[in-house]
Amino acid sequence: MYRFGYMGSIQFGRAPPAESPFKALAFLKEDFHALETTQTQTERKDREEALDRERMRLWQELLKREEEFLAREADVMRREGELLEMERELVRREGHGDDDVEKGVGGRDGGKGRGSCFAVTVEDVDEDEEGEMGGKEMGGCGEDGDGLESVVLVPIE
1 MYRFGYMGSI QFGRAPPAES PFKALAFLKE DFHALETTQT QTERKDREEA LDRERMRLWQ
61 ELLKREEEFL AREADVMRRE GELLEMEREL VRREGHGDDD VEKGVGGRDG GKGRGSCFAV
121 TVEDVDEDEE GEMGGKEMGG CGEDGDGLES VVLVPIE
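Every letter in the sequence shown is one number past the one before it in UniProt numbering, and letter 23, counting from 1, is 23.
Just so you know, these hints were derived from the structure itself, not from any lab.
One or more hints might be untrue.
Have a look at the derived ranges for each label pair, beta carbon to beta carbon [to be verified]:
| # | residue 1 | residue 2 | range |
| --- | --- | --- | --- |
| 1 | R44 | E67 | 32 to 42 Å |
| 2 | E73 | G95 | 44 to 54 Å |
| 3 | R47 | A26 | 25 to 35 Å |
| 4 | R88 | A50 | 50 to 60 Å |
| 5 | E73 | K45 | 33 to 43 Å |
| 6 | E54 | A26 | 40 to 50 Å |
| 7 | L70 | V91 | 41 to 51 Å |
| 8 | R79 | Q39 | 58 to 68 Å |
| 9 | E43 | E66 | 30 to 40 Å |
| 10 | L51 | K29 | 51 to 61 Å |
| 11 | E66 | L25 | 55 to 65 Å |
| 12 | G81 | R47 | 34 to 44 Å |
| 13 | E43 | K23 | 48 to 58 Å |
Each residue gets a CB set at the ideal place from its N, CA and C atoms; glycine is no exception.
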């Protein structure tokens, strides 16, 4: 250790005092601590710089991934908008409303006005007892039937 300290002292351009071995030892300890501190500070600075570089790389990667995610999210939203527009177009083409109502099936006035019977096919998403998905038929006669006078069909979006 004395040699290493002595070599360290020479590197710093100082020689240990020759008056007393204790003073020389204290000087060498101080010199060794200074050298160790300098090395530690340099190493710490190098580690901090490496950590900063790694941190910046990770932030850039995170930002890149976030941009990719936002681009995919925008694409999904655009596609959902297109699907909604296609569904609206299908609803317009299928024509939910008077076309689904078969008026004039019978009734008091021969199917010409109030009180005429009607039949409506309504799509039902519930399963029936056999486990099949399908539609139901609703029907009725206005004033002389079961009290149904009108049916409003609203497409579910």
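Cross-check of the supplied hints:
1. R44 x E67: 32 to 42 Å: 34 Å, holds
2. E73 x G95: 44 to 54 Å: Roughly 35 Å apart at Cβ, these two residues miss the hinted range, so it is violated.
3. R47 x A26: 25 to 35 Å: 31 Å, holds
4. R88 x A50: 50 to 60 Å: 57 Å, holds
5. E73 x K45: 33 to 43 Å: Holds, at about 41 Å.
6. E54 x A26: 40 to 50 Å: Given a distance of about 41 Å, which is inside 40 to 50 Å, the answer is holds.
7. L70 x V91: 41 to 51 Å: 31 Å, violated
8. R79 x Q39: 58 to 68 Å: Distance hint for R79, Q39 holds at roughly 59 Å.
9. E43 x E66: 30 to 40 Å: 34 Å, holds
10. L51 x K29: 51 to 61 Å: 31 Å, violated
11. E66 x L25: 55 to 65 Å: 59 Å, holds
12. G81 x R47: 34 to 44 Å: The hinted range 34 to 44 Å is violated for G81 and R47, with Cβ atoms some 50 Å apart.
13. E43 x K23: 48 to 58 Å: 30 Å, violated
Violated hints, in rising order: 2, 7, 10, 12 and 13; the structure is consistent with all others.
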